[in-house]
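Below, each chain spelled out in residue letters.
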Amino acid sequence: MSSPSVPWPRCWPAIVLHFSPRRIQADPAGVATAFPAGARPEPGRLLPPRLASVGTAPAVEIVSLVKNYGRTAAVAGLSLRAERSQVTAILGPNGAGKTTTIEICEGYRRPDEGTVRVLGLDPVRDARELRPKVGVMLQSGGIPTSARAGEYLRVLASFYARPLDPAVLLERLGLAASTRIPFKRLSGGQQQRLSLAAAVIGRPELVFLDEPTAGLDPQARHATWDLITGLRAAGAGVILTTHHMDEAERLADRVAIVDHGALVADGSPAQLTGTAGQLRFRAEPGLDTDSLLAALPAGSAAKESPAGHYVVEAHDRVDPQLLAAVTAWCAERGILAQSLRIESRTLEDVFLELTGRELRS
Amino acid sequence: MTETATPAAADWPAPAPGAAPLPRMVAAQASLELRTLLRNGEQLLLILIIPVLLLAAFSHEPLVNFGPGKRIDFLAPGILALAVMSTAFTSQAIATGFERRYGVLKRLGSTPLRRSGLITAKTLTVLVVELLQAAVIVAVGLALGWRPHAGGGAVAWSLLLVLAATAAFSGLALLMAGTLRAEATLAAANLLYLVMLGLGGVVFPLTKFPADAQPVLKLLPAGALSDGLRSVLQHGNGLPVRDLLVLAAWAIATIAIAARAFRWE
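Chains as they are written, first to last, in the numbering used here: chain A, 1 to 361; chain B, 362 to 626.
Okay, chain A solo, but in the shape it has when bound (with noise of 0.2 Å):
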């Protein structure tokens, strides 16, 4: 065990437990490389032990996560897996579940159904082997109100064998003058940072950040930006919930759309946005739009709105064909489009057809 104090009738369920064997669910790179070929068991049967598999586990496997508040689905049959060295930004509106997972990961309340593995270590049972891997931001709170900035994270950083070093995680944040600062007389944005340094200070392989840029100013929010990107470089994995879809566009490698408690899309923000696009000119109004439909290959879709502004949908994406028919439609009518661009749909499009609802609302 990391600690000599522990005593020893404390320490042996824990061995047990190390060694015993445990039900997971099925995986198929863990499968294929535990078992020869042809001795595959049936998903949910007996793996060997884990210690083999933490090293490469992902960072967070969910599967089928259940939770429930009184007669309330927080949670409804979530999966969702998280890649080491990658950012993860699950993105939803407000009850849509992602705290609730985020809390479920970090170990802070158990699933009612389901399983959920973080770094291949459960959060409950494991915890303790768990909590020097993975850093926290909550979404508020959680610093002792009179603590000074720089005091409270050295005595964090004491809690970590090999921690950073305080004075530089507070300058790189932009906090070096509020070392002496008491937190509650440090503005929303600075208890935001120290929130997120407290997160990092103890270098976790995982880092799970509850809307880390939630009332931040736009040079914080980079300052926030430029750590998490230093992280992801670095190695460690890091999962965050936001309702910013520049934020999810601009540092995700993977984006999890959630909403009523269920994953609705997962891909890259280019898998997401890619498919599919607009194409937009102005020109003058009452143009016969069923017209420049019959131009365009099957499946587009042709409309005014407002009068004078046009927009194409493609059925797949816009290509370069279909470029050519709207200005070939518009040149045998003398038309001169005006404006004229190709707009590829954003995250917030994306998540406004699947849901059918605003993210902020």
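A couple of the hints might just be wrong.
Unchecked claim - What follows is a list of derived Cβ distance ranges for each label pair:
| no. | chain 1 | residue 1 | chain 2 | residue 2 | range |
| --- | --- | --- | --- | --- | --- |
| 1 | A | 246 | B | 614 | 53 to 59 Å |
| 2 | A | 128 | B | 569 | 49 to 55 Å |
| 3 | B | 625 | A | 339 | 54 to 60 Å |
| 4 | B | 477 | A | 187 | 32 to 38 Å |
To be verified - From the derived model, a few chain A residues whose C-beta atoms are all more than 12 Å from chain B:
| no. | residue |
| --- | --- |
| 5 | 94 |
| 6 | 291 |
| 7 | 301 |
Quick caveat, the hints were computed from the structure, so don't treat them as lab data. By construction, the Cβ of each residue, glycine as well, lies at the ideal position given by its N, Cα and C atoms.
Use these hints to put chain B onto chain A, whose structure you have.
Relative to chain A, chain B alone:
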């Protein structure tokens, strides 16, 4: 920040997780709690200024008839009991209640410092503060003419009583802080401070209360502690077994209930 952005991102240190040894974590947490407590004016008022003022005021003016003997010899043990109560119970309940309310306990739950380590740190903080209080109160008391029985036995029995009372008051503090809203804890802890100040034999002798009430008051932790300390320090008696048992019973009961009922967030 934008100028330093790229280098900061490029040279970020690689992950190197690991927990510190438990004693280092506990010492760091205890020192943080001690420093924030000693910076808090309201808490200082409660744990140091009020006891010392009571000691000075009641030892000079015959506001209350303490019975035979020097006034200070009666008063000082009661003030020591008040000091223990103010730190282990009132101050700890209020601080922990607000830590729970502001998510401090929740946040600590995700660090390598385990709950047992946190409780150890809190206990250590209380003991250090009690030591500071005792030093000040004994010094002021001696200056005011206090002459306690101070043999080896008296010191040992006093320490034993104080430790048992600290456990009992801490159990009560954590029970309240872990189950009530922070505001309710604040109000109730201050109210109980006043109640125990009045009914706990701190400045008003328990013998002044009706004969039927006296045995009941000695079953309260404050009454048992002040009675026990007075028996040892004022009268030079041996270990007050009954008072010690009362305190131990309170300690076991409150800690057992607190361990089950405490909600960390």
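Against the structure, the hints come out as follows:
With their beta carbons about 56 Å apart, residue 246/A and residue 614/B fall inside the hinted range of 53 to 59 Å. A C-beta distance of roughly 54 Å is found between residue 128/A and residue 569/B, which places it inside the suggested range of 49 to 55 Å. At about 58 Å, the CB distance of residue 625/B to residue 339/A agrees with the hint of 54 to 60 Å. The beta-carbon spacing between residue 477/B and residue 187/A, approximately 36 Å, falls within the hinted interval of 32 to 38 Å.
Non-interface status of residue 94/A relative to chain B is upheld: no Cβ of that chain comes within 12 Å, the nearest being about 19 Å off. With 12 Å as the threshold on Cβ separation, the claim that residue 291/A sits away from chain B holds: the shortest Cβ distance comes to roughly 51 Å. Distance check for residue 301/A against chain B: the nearest CB is about 42 Å away, which clears 12 Å, and the non-interface claim stands.
Consistency with the previously given hints is maintained throughout, with no hint failing.
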